[in-house]
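Asker: Modelling step: build the complete structure from the supplied sequences, incorporating the hints.
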Amino acid sequence: MARLVIRGALVADGTGAPMSEGDVEIDGDRIRSVGQVGDGGGPSLDATGLVLAPGFIDTHSHDDYAVALHPDMQFKIMGGVTTVVVGNCGIGAAPRRWNEFFVRMVHGDAELPEWKDFQDYFDYMDASPASVNVAALAGHGTIREGVAGRGPADPSPAQIGEMSSLVSKALEAGCVGVSTGLVYEPGRYATTEEIAQVASPVGETGGVYASHIRDEGDRLIEAVDEAIAIGQAACAPVVISHLKVAGNRNFGKVSDALARIDRAGPTVTADHYPYTAGSTGLAAVVDGGIRNTSPETVVIASTKDHPEWHGRSLADLADGLGVVPSEVGGVVLEAEPNATVVLHMMSEEDVRTAVARPDIMVGSDGVPTLDGTPHPRLYGTFARVIGRYGRDLGLLTIEQAVHKMTGRPAHVFGLADRGVIRPGAIADLVLFDPQEIVDLGTYEAPHRFPAGIHGVWVNGTRVVEQGTHNGARPGQVLKRSA
144 MARLVIRGAL VADGTGAPMS EGDVEIDGDR IRSVGQVGDG GGPSLDATGL VLAPGFIDTH
204 SHDDYAVALH PDMQFKIMGG VTTVVVGNCG IGAAPRRWNE FFVRMVHGDA ELPEWKDFQD
264 YFDYMDASPA SVNVAALAGH GTIREGVAGR GPADPSPAQI GEMSSLVSKA LEAGCVGVST
324 GLVYEPGRYA TTEEIAQVAS PVGETGGVYA SHIRDEGDRL IEAVDEAIAI GQAACAPVVI
384 SHLKVAGNRN FGKVSDALAR IDRAGPTVTA DHYPYTAGST GLAAVVDGGI RNTSPETVVI
444 ASTKDHPEWH GRSLADLADG LGVVPSEVGG VVLEAEPNAT VVLHMMSEED VRTAVARPDI
504 MVGSDGVPTL DGTPHPRLYG TFARVIGRYG RDLGLLTIEQ AVHKMTGRPA HVFGLADRGV
564 IRPGAIADLV LFDPQEIVDL GTYEAPHRFP AGIHGVWVNG TRVVEQGTHN GARPGQVLKR
624 SA
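In our numbering, the protein residues as written are 144 to 625.
Simulated from the structure, these hints should not be mistaken for lab results.
Careful: at least some of the hints might be erroneous.
[To be verified] List time: in silico SDA-like cross-link candidates among lysine to any residue, alpha-carbon distance up to 20 Å:
no.	residue 1	residue 2
1	Lys447	Leu513
2	Lys622	Trp258
3	Lys447	His590
4	Lys312	Arg623
5	Lys447	Asp252
6	Lys622	Gly603
7	Lys622	Thr348
8	Lys447	Glu587
9	Lys447	Gly251
10	Lys259	Glu305
11	Lys622	Gly349
12	Lys622	Arg173
13	Lys259	Gly289
14	Lys622	Ser308
15	Lys259	Gly317
16	Lys312	Gln302
17	Lys622	Asp560
18	Lys622	Ser311
19	Lys447	Ala461
20	Lys312	Asp269
21	Lys622	Pro272
22	Lys622	Glu347
23	Lys312	Gln262
24	Lys259	Ser271
25	Lys259	Val620
26	Lys312	Pro238
27	Lys259	Pro272
28	Lys447	Ala478
29	Lys447	Gly463
30	Lys447	Leu255
31	Lys312	Glu347
32	Lys259	Ala211
33	Lys312	Asp260
34	Lys259	Arg247
35	Lys447	Ala427
36	Lys259	Glu315
37	Lys622	Asp266
38	Lys622	Val563
39	Lys312	Ala301
Answerer: This is how it looks when you write it as structure tokens:
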């Protein structure tokens with residue numbers, strides 16, 4: 144890493160303040176100066192007409208193992224993402240043996256390294272860094288499975304104490320909080336009181352409580368209220384994961400949910416993604432964890448042995464398999480127990496409501512099933528917010544879009560010196576053309592990098608140059624600041 148001056152850029156500093164034209168000097172892994180930088184004889188880059196912003200922070204990723212299996216992380220960094228928050232939806236990175244179902248659903252039979260706890264995981268990532276930074280949440284579901292099993296049995300007080308102790312150890316190792324996935328096994332069996340007890344170390348030592356809430360359809364508001372109550376009981380800030388509402392009869396409730404969040408005060412927030420479809424494992428749909436779907440709206444994203452099913456709806460498969468639509472999910476799941484799906488179930492108006500809020504963060508929720516047809520949000524989430532919803536639809540300014548993807552999440556997750564452009568901050572940066580930036584992936588052809596990204600730097604090292612990944616892997620493990 145050496146000195147570099149990026150000259151004449153439109154600087155969106157991550158705070159939401161108006162952009163101004165100026166120079167940004169990088170020295171090593173940090174920003175040395177911002178404004179008018181003299182000629183010190185070192186290298187410089189002409190960025191006239193381009194926007195320079197802090198690197199995007201993906202607040203809701205499922206890249207826990209992808210950073211080890213695909214350390215170049217092209218599907219994220221080529222879209223300007225410099226930090227991924229892993230461990231969402233109650234599915235933590237450690238210990239892996241407690242999380243085998245999710246690992247195999249996403250990564251199939253790939254050989255994975257072993258780690259016994261989060262300290263091991265962080266040590267591995269420090270020794271074998273990815274191209275992006277990694278911050279981790281401890282997954283309640285993974286911990287619960289290891290202590291009390293995957294089934295519905297209530298854990299004993301001793302087991303709840305053990306789970307809480309494991310959360311404490313994860314936070315001591317450097318996790319930025321704890322997450323739940325209350326539509327998935329085994330998290331769906333946990334009571335409000337259990338979760339508050341297990342999450343209590345977050346309130347004692349710092350971090351956030353991030354939740355895939357118990358219902359994102361008919362009982363959305365009740366589920367938001369539960370998450371807020373858990374945060375209050377645990378004395379922890381709350382992040383509602385991928386805020387949305389599913390099912391035609393529920394369209395419009397995102398506004399009600401945001402009102403609940405606003406009423407709860409500044410310690411409660413949310414993230415969202417800018418698409419009307421979600422994605423998860425088929426098992427969660429078949430067993431009823433994910434509601435408000437139909438065979439026409441569920442599309443196969445990845446399988447182990449049936450690539451010919453990729454991109455086809457369950458209704459379409461029912462005709463070919465000779466079964467009635469109501470039974471096809473079970474038939475497909477029996478053949479492909481680790482199948483993932485894309486779910487078309489939300490309204491565009493609700494998406495726009497969430498996008499337009501500068502204080503609601505952005506998380507891709509992408510599932511890195513690279514051999515199938517994953518949801519295009521894996522690649523295009525951040526460019527889509529700026530290009531489609533900001534520039535083209537006028538729902539928010541570039542400065543607001545950048546803030547909700549940089550400075551805002553850095554503050555919420557306690558990532559010191561990240562998410563802003565100022566002297567002394569870490570040089571995680573993205574350089575983009577405000578007229579060209581846009582997502583290009585589709586549901587039929589998701590494996591496409593966004594347009595308009597000219598450069599990406601991670602910890603002061605350039606990784607993306609004119610639309611090409613140069614092979615650098617300067618990512619670090621990020622731990623919550625006090």
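Asker: Is the Cα-Cα distance between Lys622 and Pro272 20 Å or less?
Answerer: With Cα atoms ~15 Å apart, Lys622 and Pro272 stay inside 20 Å; holds.
Asker: Assess, step by step, whether the Cα of Lys622 is no farther than 20 Å from the Cα of Asp560, and give holds or violated.
Answerer: holds (12 Å)
Asker: Are Lys447 and Leu513 close enough, with their CA atoms no more than 20 Å apart?
Answerer: Given that 20 Å is the threshold and the Cα spacing comes to 12 Å, the pair holds.
Asker: Within a Cα-Cα threshold of 20 Å, do Lys312 and Arg623 meet the stated pairing?
Answerer: holds (14 Å)
Asker: Would you check the hint for Lys447 and His590, treating anything up to 20 Å between C-alpha atoms as holding?
Answerer: Holds, because 18 Å separates the two Cα atoms, which is no more than 20 Å.
Asker: If you draw a straight line from the CA of Lys259 to the CA of Glu305, is it 20 Å or shorter?
Answerer: holds (16 Å)
Asker: Is the Cα-Cα distance between Lys622 and Trp258 20 Å or less?
Answerer: holds (18 Å)
Asker: Are the Cα positions of Lys312 and Glu347 separated by 20 Å at most?
Answerer: holds (13 Å)
Asker: Has the given pair, Lys259 with Arg247, been kept, meaning a C-alpha gap of at most 20 Å?
Answerer: The given pair, whose Cα atoms are some 18 Å apart, holds under the 20 Å limit.
Asker: Hinted pair, alpha-carbon criterion (20 Å max): Lys447, Glu587. Please report holds or violated.
Answerer: Holds, at roughly 18 Å.
Asker: Does the alpha-carbon distance linking Lys259 and Ser271 stay inside the 20 Å limit?
Answerer: holds (17 Å)
Asker: Given the hinted pair Lys622 and Gly349, is their Cα-Cα distance within 20 Å?
Answerer: The given pair, whose Cα atoms are some 11 Å apart, holds under the 20 Å limit.
Checked against the numbered hints given earlier, this structure breaks none of them.
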